[in-house]
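Asks: For reference, the chains in residue letters:
2 protein chains.
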Amino acid sequence: MDERIREHARVLVDWSARIDPGDDVVVRVDEGAHDLAVAVAERLGECGANLLSVYDSDEITRAYLRASDGEFTTDPEYALALYERADSVLSLSGSNNTAGSADVPGDRRQAYAKARAGIREARLDTDWVSTQHPTRAMAQQAGMAYEAYEDFVYDATLRDWEALAEEQARLKEILDDGSEVQLVADGTDLTMSIADRIAVNSAASVAYDSHNLPSGEVFTAPEATEGVVTFDVPMTVQGRRVRDVELTFEDGVVVDWDAEQGAAVIEEVLSTDEGARRLGELGIGMNRGVDRVTDNILFDEKMGGTVHLALGRAYDACLPDGVAGNDSAVHEDLITTMGDGSRLEVDGAVVQRDGLFRWEDGFER
Amino acid sequence: MDERIREHARVLVDWSARIDPGDDVVVRVDEGAHDLAVAVAERLGECGANLLSVYDSDEITRAYLRASDGEFTTDPEYALALYERADSVLSLSGSNNTAGSADVPGDRRQAYAKARAGIREARLDTDWVSTQHPTRAMAQQAGMAYEAYEDFVYDATLRDWEALAEEQARLKEILDDGSEVQLVADGTDLTMSIADRIAVNSAASVAYDSHNLPSGEVFTAPEATEGVVTFDVPMTVQGRRVRDVELTFEDGVVVDWDAEQGAAVIEEVLSTDEGARRLGELGIGMNRGVDRVTDNILFDEKMGGTVHLALGRAYDACLPDGVAGNDSAVHEDLITTMGDGSRLEVDGAVVQRDGLFRWEDGFER
Numbered sequence: 002m003d004e005r006i007r008e009h010a011r012v013l014v015d016w017s018a019r020i021d022p023g024d025d026v027v028v029r030v031d032e033g034a035h036d037l038a039v040a041v042a043e044r045l046g047e048c049g050a051n052l053l054s055v056y057d058s059d060e061i062t063r064a065y066l067r068a069s070d071g072e073f074t075t076d077p078e079y080a081l082a083l084y085e086r087a088d089s090v091l092s093l094s095g096s097n098n099t100a101g102s103a104d105v106p107g108d109r110r111q112a113y114a115k116a117r118a119g120i121r122e123a124r125l126d127t128d129w130v131s132t133q134h135p136t137r138a139m140a141q142q143a144g145m146a147y148e149a150y151e152d153f154v155y156d157a158t159l160r161d162w163e164a165l166a167e168e169q170a171r172l173k174e175i176l177d178d179g180s181e182v183q184l185v186a187d188g189t190d191l192t193m194s195i196a197d198r199i200a201v202n203s204a205a206s207v208a209y210d211s212h213n214l215p216s217g218e219v220f221t222a223p224e225a226t227e228g229v230v231t232f233d234v235p236m237t238v239q240g241r242r243v244r245d246v247e248l249t250f251e252d253g254v255v256v257d258w259d260a261e262q263g264a265a266v267i268e269e270v271l272s273t274d275e276g277a278r279r280l281g282e283l284g285i286g287m288n289r290g291v292d293r294v295t296d297n298i299l300f301d302e303k304m305g306g307t308v309h310l311a312l313g314r315a316y317d318a319c320l321p322d323g324v325a326g327n328d329s330a331v332h333e334d335l336i337t338t339m340g341d342g343s344r345l346e347v348d349g350a351v352v353q354r355d356g357l358f359r360w361e362d363g364f365e366r
Numbered sequence: 002m003d004e005r006i007r008e009h010a011r012v013l014v015d016w017s018a019r020i021d022p023g024d025d026v027v028v029r030v031d032e033g034a035h036d037l038a039v040a041v042a043e044r045l046g047e048c049g050a051n052l053l054s055v056y057d058s059d060e061i062t063r064a065y066l067r068a069s070d071g072e073f074t075t076d077p078e079y080a081l082a083l084y085e086r087a088d089s090v091l092s093l094s095g096s097n098n099t100a101g102s103a104d105v106p107g108d109r110r111q112a113y114a115k116a117r118a119g120i121r122e123a124r125l126d127t128d129w130v131s132t133q134h135p136t137r138a139m140a141q142q143a144g145m146a147y148e149a150y151e152d153f154v155y156d157a158t159l160r161d162w163e164a165l166a167e168e169q170a171r172l173k174e175i176l177d178d179g180s181e182v183q184l185v186a187d188g189t190d191l192t193m194s195i196a197d198r199i200a201v202n203s204a205a206s207v208a209y210d211s212h213n214l215p216s217g218e219v220f221t222a223p224e225a226t227e228g229v230v231t232f233d234v235p236m237t238v239q240g241r242r243v244r245d246v247e248l249t250f251e252d253g254v255v256v257d258w259d260a261e262q263g264a265a266v267i268e269e270v271l272s273t274d275e276g277a278r279r280l281g282e283l284g285i286g287m288n289r290g291v292d293r294v295t296d297n298i299l300f301d302e303k304m305g306g307t308v309h310l311a312l313g314r315a316y317d318a319c320l321p322d323g324v325a326g327n328d329s330a331v332h333e334d335l336i337t338t339m340g341d342g343s344r345l346e347v348d349g350a351v352v353q354r355d356g357l358f359r360w361e362d363g364f365e366r
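Chains A and B are the protein sequences, given in the same order.
So for the first sequence, the numbering used here puts the first residue at 2; every next one is plus one.
So for the second sequence, the numbering used here puts the first residue at 2; every next one is plus one.
Some, not all, of what chain A presents toward chain B, calculated at C-beta under 7 angstroms:
1. 25
2. 30
3. 43
4. 61
5. 68
6. 80
7. 83
8. 87
Output of the computed footprint for chain B on chain A, the stretches with three or more beta carbons under 8 angstroms from beta carbons of chain B:
9. 31-38
10. 46-58
Hints listed in this document are in silico derivations from the structure and should not be mistaken for laboratory results.
Just so it is clear, CB atoms sit at the ideal spot from N, CA and C, and this is done for glycine as well.
Please model the complete structure; the sequences and the hints are all you need to start from.
Replies: Written as structure tokens, this is what we have:
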């Protein structure tokens with residue numbers, strides 16, 4: 002076994018999920034993530050944690066959903082009981098075919114997601130962490146050779162997370178103290194309120210309310226969004242390509258939209274429910290180990306010099322006690338590059354210009 | 002997809018497990034059983050049943066057990082809750098390496114099995130069915146080419162189960178009415194009491210208290226075993242080869258034993274607990290579609306012209322209400338050929354001679 006796989010498992014179990022002896026851990030294993038699952042099992046065994054592996058296969062889900070009549074039991078009790086009692090859920094993605102469920106009708110997928118909203122909720126109430134094992138399919142999606150892609154994944158994942166957490170703490174402080182964010186970039190001029198919201202220093206650990214490995218972003222839950230945003234980073238959403246999605250917001254709600262590519266899937270997302278037309282997340286990428294777009298949200302949204310916004314559900318960690326955030330069955334991220342001429346302001350002060358933070362070398366004062 | 006995989010899934014879901022709409026189904030997927038799992042998911046989708054897939058990988062279990070210090074939580078609540086609430090558990094074996102966990106110390110494996118006895122119990126309380134997808138590793142273990150092995154598996158599995166159930170009903174009636182069974186064969190002269198026990202017509206369906214696909218046997222839970230038995234069929238037990246195991250019973254308990262090969266694993270089995278030294282099962286193979294030994298208990302024990310005995314746990318289905326059968330954390334089957342010169346008698350009447358039942362052509366009266 003590549004020693005980096007074991008190191009990945011150690012970072013996941015120790016730094017990210019903070020697994021303790023006796024913890025009840027669900028490990029969700031994608032079709033191509035077997036080797037990482039073996040390394041994670043080894044580390045969980047060393048830790049004295051309990052292990053139950055769920056097989057999280059796109060091909061199985063596709064077959065099930067396509068064969069179904071579209072009527073689903075709401076939150077089957079046995080699955081709910083599993084996730085409600087779990088301490089941690091570690092999701093190991095690693096697709097063997099990123100288009101593996103491309104032919105599942107969107108309404109079928111939506112109905113299934115809606116019927117399982119309680120199970121999703123229970124999973125998100127655990128110390129969950131999502132990570133990804135490098136597969137050839139993911140390398141292909143990135144347009145990269147397999148070995149080069151492995152290097153990319155481990156460069157982004159096996160980082161000095163404590164050092165990054167310290168840098169991110171600066172941005173968190175600015176956002177926590179701020180009331181309004183303005184984003185200006187090519188095709189984008191957007192304002193959002195973040196007045197009472199809490200920014201998350203997403204340092205790839207549940208100890209930071211951060212649930213992705215790799216992470217490397219600071220995110221919050223905006224509201225009252227006004228203006229236009231263009232997402233120039235090409236992405237795959239629910240198995241289909243989207244490019245240059247443009248959203249227009251009034252009073253927090255999407256009132257107009259367009260896309261160069263993938264209009265159908267964006268329409269499906271927007272029509273999921275009421276909350277799908279509002280933003281659930283503003284995220285600011287800070288992982289400089291992610292040095293290119295690889296058509297993979299887990300990595301792309303963390304890239305230093307990008308900003309992402311998610312349609313749908315807000316994370317509880319961004320909300321003060323007693324405040325309800327945006328609710329939805331979906332959470333779909335879209336990304337825009339903060340390139341030359343861009344700026345990110347908080348209450349009128351420039352925090353990032355031309356993709357560089359004001360504490361970084363080269364920032365134009 | 003090979004149409005026989007879909008047919009296998011239909012037999013499993015419809016005939017064997019009798020899945021109804023809304024049933025909560027756990028599908029346990031072995032490393033090499035992916036294609037069958039996809040077909041089963043499709044059939045469950047058509048049926049309107051609920052699906053949760055568990056990844057049942059030997060390599061994951063091996064890594065976990067080897068890394069552990071040998072102290073395991075007793076029946077972790079989250080896993081217990083899943084199986085206690087499930088209606089059916091479909092186990093799809095299909096190994097990619099039948100020696101995949103051969104280097105796990107026996108005491109580690111035993112401690113793990115003991116700590117999870119309640120989970121096992123909960124699983125056996127569902128409408129569970131075990132079946133197997135043909136893999137190259139299983140073909141190798143059988144000493145067969147892959148394509149020939151696929152044919153073997155489907156010949157044994159895709160049978161006229163209703164017709165076989167009728168034939169087996171004859172033997173069930175004889176055993177239900179009988180008090181004592183005597184087995185005589187090369188190296189074997191054994192008597193067992195079956196006085197108040199119930200024989201199971203194992204026709205590969207939960208409707209017949211039968212939980213294997215393929216099945217094709219009639220089995221019961223003997224006691225008060227006396228005499229000697231030699232298991233001439235070579236087998237793999239817990240990843241290790243055993244051959245010509247000889248057990249001597251007095252008053253139902255193994256008092257002496259020997260083996261040409263695999264003595265260590267037999268000793269481990271026998272020392273698991275008190276019940277591991279008593280018989281939990283007498284099974285009589287009746288599946289004529291299984292026409293050769295393939296070093297695989299699921300098929301070997303069903304072969305027409307063989308008899309198997311299991312050390313350890315008895316199945317509840319064989320016991321009248323209020324009678325406790327043999328209890329153990331293990332259930333290890335061993336097989337003997339009923340060849341020329343052999344006979345199986347019930348209360349002194351010959352039921353099978355030279356491997357042929359008395360209702361079969363060629364039986365010597």
